[in-house]
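*Asks:* In order, the protein sequences belong to chains V and E.
Note that numbering that gives the first Met the number 0 gives residue 240 to position 241 of the first sequence, counting from 1, and the numbers run on in steps of one.
Note that numbering that gives the first Met the number 0 gives residue 136 to position 137 of the second sequence, counting from 1, and the numbers run on in steps of one.
Hints in this document: simulated from the structure, not taken from any laboratory.
The reader is advised that the hints may include incorrect statements.
[Said to hold, decoys possible] Just so you have them, the derived chain V footprint on chain E, three or more residues with Cβ under 8 Å:
| hint | segment |
| --- | --- |
| 1 | 71-82 |
| 2 | 86-93 |
| 3 | 102-112 |
Think of the CB as a built atom: it goes at the ideal place given N, C-alpha and C, for glycine as much as any other residue.
Read off the chains here:
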Amino acid sequence: MTDFFAVLASFFSYPFVQKALLVGSLISLSAALLGTTLVLKRYSMIGDGLSHVGFGALAIATSFHIADVAMGFALPVVVIAAFFLLRLSENSKIHGDAAIALISTTSLAVGYMVMHKNGTNVDVGNYMFGNVFTITDGDAVLSVVLAIAVMLLFVFFYHKIFCVTFDESFSKAIGVSPGIYNGVIAVLTAVVVVLGMRMMGTLLISALMIFPSLTSMRFCKSFRGVVAASALVSLLAFLLGIVLAHLLDFPAGSTIVVVNALIYLMAMLFSKIRGRL
Amino acid sequence: MALITCASLSLGYEGKTVVSDLTFQVEKGNYLCIIGENGSGKSTLIRALLGLKEVSRGEIRYGDGFSRQGIGYLPQQTLVQRDFPATVTEIVRTGFLNRKRFSFFYSEEEKEKANGIMDKLSVSPYKSSSYKALSGGQQQRVLLARALCAAKDLLLLDEPTAGLDPLMSSTLYRMIEQLNHEGLTIIMVTHDMDAALRYASHILHLHKDTSFFGTREEYDHCQVCAQFLDGEEQTND
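With the hints as constraints, model all of the structure from the sequences given.
*Replies:* Now the structure itself:
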């Protein structure tokens with residue numbers, strides 16, 4: 000047992016591990032908070048779509064040897080895509096899910112084409128599944144700023160976010176403009192996706208947005224409860240995931256997703272059993 | 000002066016006119032039912048009254064110290080709402096957000112008022128229950144309570160009984176009638192002709208170029224309206 004704690008203590012003593020823990024916790028928290036409103040509005044796949052756009056953008060940036068500014072290139076591209084996807088789902092003849100599929104597959108295709116042509120030595124696996132231990136100082140600063148922004152948004156505009164999520168028509172009628180809140184949430188989601196991609200990879204980042212809120216919806220009946228529980232579940236799953244990954248030598252991103260999935264399964268069983276009683 | 004005056008109002012989308020040259024007034028304490036076939040512009044008119052739709056011609060005037068922010072609106076239910084994890088109290092209180100620009104929390108006074116409204120509409124027993132666990136009629140009463148929190152003088156209801164069984168509908172209609180007796184002005188869009196003729200003080204029947212506006216009694220004796228009714232019956236056959 001003391002061995003076990005010694006292993007953990009030495010693991011946590013590395014600066015790069017501490018950085019990963021800080022950034023990972025902040026991103027998990029932000030993703031879970033934003034995820035609750037996205038899931039409830041039936042925009043669950045937006046995170047997935049955006050991460051593919053992020054993949055395309057990062058691939059292009061890296062292939063043209065501007066890797067140092069890759070984030071600076073990917074971030075605005077993904078923000079624009081987020082606005083575009085939200086507007087497309089609202090107005091156009093292409094429905095939201097189809098729009099997301101169109102944009103995400105196209106970005107993925109373009110990204111891989113460019114990668115294949117220009118940089119054969121790039122490790123695609125790193126883009127697809129991320130690596131939580133390659134987080135840079137820049138990422139760390141950005142993720143602190145992001146988490147503060149998301150938290151402020153949820154503290155001060157909590158009631159309005161709830162109102163807009165629950166009923167856009169009513170919100171418009173009483174002068175709470177859904178456009179502004181949807182826009183702010185889209186921008187923050189884009190930032191979460193770009194930052195989270197480094198850690199979780201293109202294919203896995205959207206899990207951080209969807210699982211915690213789905214889990215919370217299984218056992219919370221109030222919106223306040225769902226928001227608070229999602230944040231807690233997300234943090235718990237991240238910490239558990241990263242420790243398990245280290246102990247069992249699994250890739251961290253995938254382990255975090257699997258832990259999230261297991262927690263969801265448990266919540267589902269729990270609510271089924273409670274329903275029977 | 001009337002609460003709302005619409006003068007030679009025309010509404011449309013991208014050059015296509017939906018409602019043309021419409022004139023009517025809503026006085027304090029009126030119960031106006033807006034009826035008409037699908038596509039006759041009922042929803043467009045509601046959007047215009049709420050200020051969500053530009054007027055193409057004519058104007059909407061608000062009088063008697065009344066402004067658009069004082070409208071309590073009951074929109075049609077959406078699919079997203081039916082399984083939404085939120086308690087009844089959380090939903091009802093959002094009605095007060097129409098008075099909040101730069102304050103972020105509800106005052107004690109508002110919480111009290113919300114409790115009073117929930118008592119009145121008999122939703123208090125489920126005020127900590129989850130919205131998704133309620134029946135259709137209960138959900139509709141919750142949304143009505145939210146609208147009342149927002150309403151100063153006027154309640155605007157968009158097909159409030161859609162999807163409800165007859166018993167639930169009549170409970171809801173009686174509550175709305177009671178609110179009207181207490182002095183609240185009601186504007187209700189409905190497909191339910193019987194309810195319109197039974198509860199309304201005024202009727203606005205939207206129909207292409209020959210819309211009717213008048214009291215319920217006038218509507219009974221109106222030639223054109225009889226044709227509407229006959230016409231509707233014929234198309235139903």
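*Asks:* Please go over all the hints and tell whether each is borne out by the structure.
*Replies:* Going down the list of hints, with the structure as the test:
1. 71-82: holds (count 6)
2. 86-93: holds (count 5)
3. 102-112: It holds: at least three residues are needed, and the segment 102-112 of chain E offers 3 whose Cβ sits within less than 8 Å of chain V.
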